[in-house]
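Could you put the whole structure together from the sequences, leaning on the hints where they help?
Quick note, the sequences are listed as chains Z and V, same order.
Counting in the working numbering, the first sequence runs from 1 upward without gaps.
Counting in the working numbering, the second sequence runs from 170 upward without gaps.
By construction, these hints were calculated from the structure, which means they are not laboratory data.
By construction, the Cβ of each residue, glycine as well, lies at the ideal position given by its N, Cα and C atoms.
Hints are not guaranteed to be accurate.
[Claimed, not checked] Pair by pair, the computed Cβ-Cβ distance ranges are:
id, chain 1, residue 1, chain 2, residue 2, range
1, Z, T101, V, A415, 56 to 62 Å
2, Z, T98, V, S188, 24 to 30 Å
3, V, L200, Z, T101, 49 to 55 Å
4, V, G445, Z, A99, 32 to 38 Å
5, Z, L119, V, I223, 41 to 47 Å
6, V, V359, Z, L122, 20 to 26 Å
[Unchecked claim] A partial selection of chain Z residues facing chain V, derived with a Cβ cut-off under 8 Å:
id, residue
7, V21
8, T22
9, I32
10, V33
11, F58
12, P68
13, P69
14, H72
15, A74
16, A78
17, F111
18, P127
19, I128
20, I130
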Amino acid sequence: MNALRALVAAAAVGVALVLQVTFFPHLAWDGIVPNVCLLVVVGAALVRGPEFAAVLGFAAGLALDLAPPADHLAGRWALALVVVGYVAGRVRRDAQPTAGTVVATVAASSFVGSSVFALSGLVLGDPIGIPELLEVVLVGALWDVLLTPLVLPPVMALFRHFEPDRSLA
Amino acid sequence: MSRRERRWRGPLHDQQRPSRGLLVALVLACLTVMSLDSLGSSPVDPARRAVGEIFGPAEVASAAALRPFTAVPRWFRSKDSMQQDLLDLQAENSDLRSQVATQDYDRNRLEEYDGLTAAAQSLGYSLVPARVVGLGPSQSFSRTVTIDAGSDAGTHPDLTVVNNDGLVGRVLRVTRTTATVLLIVDADSVVGGRVGRSMEVGFLHGRGVLGNDGRLDLELVDDTAVPSKHDTVVTWGSEAGGPYVAGVPVGKVTTVYSSLRETAQRAVIDPFVDFGALDLVGVVVPTGTTSDRAVIEADGGLR
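Given below as C-alpha cells:
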C-alpha cells in the first residue's frame, strides 16, 4: 500500500510535468505557463500535511530540474517546491478546506515558489532583470489561480483516496 | 461530540509539530544537489540523462497526441485548401526572404571564392528534421526546448539547429530519443556573428526574452565598424562547424548605439526566427551520419 501511494504520487507529478512542458506552452503568455507540478504539491499539502508535501515537493522539483528542456542548476526547483510543500502544509485544517482557502493557498504558494526559484538565480548570479522577475512571478501566480478549479479538486480527491489513515476513520 | 473532539484533536496534534528535521534535511539535500551540479564535470549529468530517457519519450508521445488539438486554432482560421496554399506561400516567402537576407553575405563570399578554381562538390552537411515537443517555462528563466531527434537520429551535443527562417540554437545534450536545444535568445547564449554587408565579426548575446521583444545584442570586435540598420547578421562559424556552422542567417540590425565608456559598438538584432512559434526544425549533421529517419541532403534531396 505504501509503495502504491508513492507510485500514485509519482504518476501525478509525472503527468503534471509532461503537460506543463508539452501542452501548456501552446497557451503560454510570453512563455509563462501554469506550474502544474506546484499545483500537485499544494494539493498534496492541503490533504496530507507539510511533511508528505515537502518530500513530494523535493521529488517533483528534482524532476523539473532534470527532465529534458531544463538547463538551470539542478536543485533550484527542488528547493522552491520543498518550501512550497512545507508552507502550504501549515495552512491545513482538519475540516475540508473551503474554495477560498484553496485559492488563497495556491496564490501564496505560487508566489513563494516562483520567488524562491528566481531569488536562488539572483544569488547564483543569473542575469535576471527585476521587471522580468516580477512579471514572471505575478503572471505565473495568476495562471496557477486560473487553473486551480480544474486541477486541485481531482488532485485532492486522488490524495484523499490514497490517504493512509482513511481506513481508520 | 466525542467523535468530533477526536477528529479535532488527532490531526491538529500532528499539525502543530511538523518535523523541522525533515525540512532541514530536504533543504540540505537541495543545496547538496546544487553544489554537485555546479562542479566542472557535473555528477548530476548521468541523472539528467536517466531522467531524460524516461521523460523524453513521454514528451514525444504527449506532443504527438496533442498535435491534432494544438493545431485546431490554426485550422479554424482558414479553410483546408487555403491553409495548404498559405503554408506553401509562407515557405516560399521565407525562402525568398532568406535569399534576400543573405545576398550581401553571399556576394562577398562569392568574391572570396572567385580566385579558387576548385569548387566543393557538397557543403558536407545534411539536415536531420525534428519537431519541437517541449518548451521550458519562463519561470525557469532559461530558453530551452526539447526536440524529438536524439542520439538514434544521429544528433550529439554542439550541433547547430536551424529552421526555414534562420538560426534556432544549438544542441546541449541528448538522450536516445530527444535532444535539448539552447535557443539563441537565452541569456547564456553567445553566437559568433558576422555582418553580411561589411563582413565584420562580433558576438551575439541573447537577452533571455521570447516573443516580440526577443532580441539579440551584437557586439562587434572592431570598434570602428558601425553596422547600419537593416544589415543582415549571419553566423561566423567555428572550427569544424561546431557548435555553429557558418553562414546561417540570424537576424537584422534594428538599432545601433555606442557608448564612450565601452570600446565596442553595440547593435540590437531582431532574429528572423519566431521563437514563440517553433515547430519544425533541422539539426545540421555531417554528411553520412546514420540516422533513424530520412536525412535532408545539401541539394534538397532525401536520403
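Against the structure, the hints come out as follows:
1. Between T101/Z and A415/V the CB atoms are about 59 Å apart, so this pair conforms to the stated range of 56 to 62 Å.
2. About 27 Å separates the C-beta atoms of T98/Z and S188/V, a value consistent with the hinted range of 24 to 30 Å.
3. At about 32 Å, the beta-carbon gap between L200/V and T101/Z misses the expected band of 49 to 55 Å.
4. G445/V and A99/Z have their C-beta atoms about 34 Å apart, which keeps the hinted 32 to 38 Å range intact.
5. Judged by the Cβ atoms, the range 41 to 47 Å given for L119/Z and I223/V is violated: they are separated by roughly 30 Å.
6. The hinted range of 20 to 26 Å is satisfied by V359/V and L122/Z, whose Cβ atoms lie roughly 21 Å apart.
7. Annotation: V21/Z was flagged as interfacial toward chain V, and the flag holds, the nearest CB pair being 4 Å apart, inside 8 Å.
8. The criterion of a C-beta within 8 Å of any C-beta in chain V is met by T22/Z, whose closest approach is roughly 4 Å, and the hint holds.
9. A cut of 8 Å between beta carbons decides the hint on I32/Z: the least distance to chain V is about 4 Å, and the hint holds.
10. Hint on V33/Z holds. Least Cβ distance to chain V is approximately 5 Å, under the 8 Å limit.
11. Contact between F58/Z and chain V, as hinted, is supported at the beta carbon level, the nearest pair being about 5 Å apart and thus within 8 Å.
12. Here the hint on P68/Z is kept, as its CB sits about 4 Å from the closest CB of chain V, short of 8 Å.
13. Interface hint status for P69/Z: upheld, as the beta-carbon distance to the closest one in chain V is roughly 4 Å, under 8 Å.
14. A distance limit of 8 Å between C-beta atoms decides the matter here; for H72/Z the minimum to chain V is near 5 Å, and the interface restraint holds.
15. About 4 Å separates the beta-carbon of A74/Z from the nearest beta-carbon of chain V, less than 8 Å, and the hint is met.
16. Evaluation of the A78/Z hint against chain V yields a held restraint, the C-beta minimum of about 5 Å falling below 8 Å.
17. Checking F111/Z against chain V: minimum C-beta separation of about 12 Å lies over 8 Å; hint violated.
18. For P127/Z, the interface hint holds, since its Cβ comes within 8 Å of a Cβ in chain V; the closest pair sits about 5 Å apart.
19. Interface restraint check: I128/Z against chain V, minimum CB-CB distance 6 Å, threshold 8 Å, status holds.
20. A cut of 8 Å between beta carbons decides the hint on I130/Z: the least distance to chain V is about 12 Å, and the hint is violated.
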